[in-house]
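Put together the whole structure using the sequences plus the hints.
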Amino acid sequence: MKKKYIWVCLVLVFFLSACAPKKAGDIETKIFNLESDFKENYQLWVDMKADGSIQYKEYVTDLKSVATKFNTIGDKAKLSSYKKLLSEEDQTIYETYRLLSKDIKNMATAIHKKNYEEADKIYQGILDTEENLKE
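All residue numbers for the sequence shown refer to the UniProt record's numbering, where the first residue is 1 and numbers rise by one.
Everything labelled a hint here was simulated from the structure, so no lab data went into it. Treat the hints with care, as some may be off.
Said to hold, decoys possible - Below, computed lysine-lysine pairings styled on DSSO-like, alpha-carbon distance capped at 27 Å:
#1 69 / 84
#2 78 / 30
#3 114 / 69
Encoded structure:
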């Protein structure tokens with residue numbers, strides 16, 4: 001009887017803790033972290049474009065890292081817990097860069113293979129997409 005009572009209490013405690021509402025601070029922190037991660041990654045992307053380092057084979061790993069982070073951030077932004085707290089504009093930005101992450105990876109692969117013509121074509125497409133996003 002005593003063992004059954006302990007199990008019932010444990011199950012009840014786990015159930016109540018799982019059903020407890022999330023703290024507003026936790027959600028705000030998640031959004032803040034998402035925005036901070038995006039800004040940090042975007043700044044790295046902008047710096048690489050500005051100083052021309054994306055054209056060098058040595059930066060292929062950095063390009064792939066930027067692409068992976070954009071994809072991860074975009075995937076997080078699609079989750080309902082984030083989506084309901086993000087503005088439509090923010091959702092559009094995160095989704096656009098999530099989609100661009102594949103192009104950035106493809107560009108990095110083209111640079112690695114020394115296929116600079118293909119890399120330039122992909123890069124121009126990325127720039128066009130970014131320009132359309134700004135409008």
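Checked hints:
no.: 1; hint: 69 / 84; in the structure: holds, 21 Å
no.: 2; hint: 78 / 30; in the structure: holds, 13 Å
no.: 3; hint: 114 / 69; in the structure: holds, 24 Å
Figure legend: structure checked against the earlier numbered hints; every hint is met.
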